[in-house]
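Protein sequence lines correspond, in order, to chains X and H.
Under UniProt numbering, think of the first position of the first sequence as 1, with each following residue one higher.
Under UniProt numbering, think of the first position of the second sequence as 1, with each following residue one higher.
One or more hints might be untrue.
The list makes no distinction among identical chains, and a pair is therefore deemed to hold if it is satisfied within one copy or across any two copies.
Said to hold, decoys possible - Below are the SDA-like pairs computed for lysine to any residue, each with C-alpha atoms no more than 20 Å apart in a straight line:
(1) Lys146 / Met136
(2) Lys45 / Arg145
(3) Lys40 / Lys203
(4) Lys54 / Leu168
(5) Lys30 / Phe99
(6) Lys154 / Gly170
(7) Lys154 / Ala60
(8) Lys30 / Val123
(9) Lys161 / Phe53
(10) Lys240 / Glu222
(11) Lys30 / Arg100
(12) Lys12 / Arg69
(13) Lys40 / Arg100
(14) Lys204 / Gly162
(15) Lys54 / Glu156
(16) Lys193 / Pro138
(17) Lys12 / Leu98
(18) Lys203 / Ile56
(19) Lys203 / Glu188
These are computed hints drawn from the structure, not numbers from a lab.
Number of protein chains: 2
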Amino acid sequence: MENRKTNTMKLKVYADRLSQPSRAVIIFCKVNGIDFEEIKLDISKRQHLSPEFKEINPMAQVPAIVDGRFRLFESHSILIYIACAFPGVLDHWYPADLFRRAKINSVLDWHHSNLRRGATTYVQNTVLGPVLGIQMNPQAAAEARKLLSSSLSKIETVWLKGNGRFLLGGRQPSIADLSLVCEIMQLEVLDEKDHIDILGPHKKVQQWIENTRSATEPHFDEVHRLLYRAKERFQERRLKGLDSEAESSFKKVLPSKM
Amino acid sequence: MENRKTNTMKLKVYADRLSQPSRAVIIFCKVNGIDFEEIKLDISKRQHLSPEFKEINPMAQVPAIVDGRFRLFESHSILIYIACAFPGVLDHWYPADLFRRAKINSVLDWHHSNLRRGATTYVQNTVLGPVLGIQMNPQAAAEARKLLSSSLSKIETVWLKGNGRFLLGGRQPSIADLSLVCEIMQLEVLDEKDHIDILGPHKKVQQWIENTRSATEPHFDEVHRLLYRAKERFQERRLKGLDSEAESSFKKVLPSKM
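Just chain X, with the same shape it has in the complex:
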């Protein structure tokens, strides 16, 4: 495989830390000591829809990267690109071994239509709907919740089968651990009881989240800080009974980003 030329330009990462795939890419870069520049986009201010950003990613989604003249989007592809292009990344993140790499690809592919679809659709149709002004679909929420729970069960019985600390029996995390755990972290913004109902039955998943967090500290918590603050705001709102306020705006709930 052709190597990335050593570039005088720093890798640019376009991201919103409230987006789970953005967090996965940023944490990955930080853990691996990649020299990169984070360009913050605020989705709540629709900055990802600007003509300037659409030049970078015509799909208008974060994260996206620019590496010299090369542009790329889709977080899994970005993680794989960085793992292959930057010499400092340790093998366990995306093993060169044909069979282990194939298994990690399989987890990442599975993720899209299962855990990600369940978690994202559920959060959008419960907590984020009212603040984003999106009309919620209760049937979609119910189906997403079912898919989310079955995905968590599958993670336990298939990917976390055995005694490994990470997916596929790994002793060290791969990009699949990081991507899936960042997705689950999004559930932090849910109502606390709901959050416990969803994650409570999955002790192995809870332990694996903790393992992934420990393996990537202090970056994991630092990059999730914005999400933790959003969680607090949502809790305050619930205590004040503001959930039913139709005029509520995203800005009131989300912490200001810098």
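Given chain X, work out where chain H should sit, using these hints.
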């Protein structure tokens, strides 16, 4: 990357030719002269839910492969594995070049939550719903149709931008062309007018489907034959006004598979 040991066991592909990712994998193997054994599973007879198959793929989905002692599922991962493991596969299918490979990964990742989600959800909530006995959700169908159309537009304006015959300006097809085209082929079972309404505005997509078909003949049409027969059955049904029959079974509509 470690190479697959030359194996005395033939590659086994578990597939249902009415499943679009199954077709992509079978066509890929045939076009590349891979020595493989196709093990046909009939989803309509729930053969993918058997304990024997769950030993191969605990997610109970086709396609899946067994290569010696190695088991793998998720069609994109399978295509990548075969491209990397079998020496006869030409480079254009999954280029070794870091940048071109990253772009193909990006298309494949994008596919899951866009074209695939739109097409599959739409077909399930229109044509397949009544015959599979699944309760249809008109709102889900409407949203899926919107996602399907916007995905086709994105393919034209982003991935087929320029004058290449294939995605990303390619002169030869990649695994992304094969995966996405097989997905779109599923729309053949739709009502003819609906099919024209969806694909009609996308001339570039139509040309690209034709290019991908030509590049993979005679295997493309041979592997799609079961789908073409299912399409005819659906059309006959419509002419006879059988769509409203609640007791209709999948068997009556789908051609028997062998």
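Hint check:
Both within a single protomer and between protomers do Lys146 and Met136 lie at most 20 Å apart by alpha-carbon distance, with minima of 17 Å and 17 Å respectively. Within a single copy, Lys45 and Arg145 get their C-alpha atoms no closer than 28 Å, and across copies no closer than 28 Å, so neither meets the 20 Å cut-off. In this homomeric assembly, Lys40 and Lys203 never come within 20 Å of each other (Cα to Cα): the closest approach is 34 Å inside a single copy and 37 Å across copies. Taking the shortest Cα distances, Lys54 and Leu168 sit within 20 Å of each other only across copies (17 Å), while inside one copy they are farther apart (37 Å).
For the identical chains of this complex, Lys30 and Phe99 are neighbours neither inside a copy (27 Å) nor across copies (22 Å), given an alpha-carbon limit of 20 Å. Taking CA atoms no more than 20 Å apart as the test, Lys154 paired with Gly170 passes inside one copy only; the shortest distance there is 17 Å, against 37 Å between copies. In the homo-oligomer, the alpha carbons of Lys154 and Ala60 lie at most 20 Å apart only across protomers (11 Å), although the nearest pairing inside one protomer, at 31 Å, exceeds that limit. In this assembly of identical chains, the alpha carbons of Lys30 and Val123 never lie at most 20 Å apart, being 27 Å within a copy and 43 Å across copies at closest.
Taking the shortest alpha-carbon separations for Lys161 and Phe53, only the inter-copy value of 18 Å comes in at or below 20 Å, while the best intra-copy value is 41 Å. Taking CA atoms no more than 20 Å apart as the test, Lys240 paired with Glu222 passes in neither setting, with 28 Å inside one copy and 63 Å between copies. For the identical chains of this complex, Lys30 and Arg100 are neighbours neither inside a copy (24 Å) nor across copies (25 Å), given an alpha-carbon limit of 20 Å. Taking the shortest Cα distances, Lys12 and Arg69 sit within 20 Å of each other inside one copy (11 Å), while across copies they are farther apart (42 Å).
For the homomeric pair Lys40 and Arg100, neither the shortest alpha-carbon distance inside one copy (34 Å) nor that between copies (27 Å) is at most 20 Å. Taking the shortest Cα distances, Lys204 and Gly162 sit within 20 Å of each other inside one copy (10 Å), while across copies they are farther apart (49 Å). For a Cα distance limit of 20 Å, the shortest separation of Lys54 from Glu156 across copies, 16 Å, qualifies, whereas the shortest one inside one copy, 38 Å, does not. With identical chains, the CA atoms of Lys193 and Pro138 are at most 20 Å apart within one copy only, with a shortest distance of 18 Å there and 32 Å across copies.
Taking identical chains as interchangeable, the C-alpha atoms of Lys12 and Leu98 lie at most 20 Å apart only when they sit on different chains, with a minimum of 18 Å there against 29 Å within one chain. Taking identical chains as interchangeable, the C-alpha atoms of Lys203 and Ile56 are never at most 20 Å apart, the minima being 40 Å within one chain and 26 Å between chains. In this assembly of identical chains, the alpha carbons of Lys203 and Glu188 lie at most 20 Å apart only when taken from the same copy (16 Å versus 45 Å across copies).
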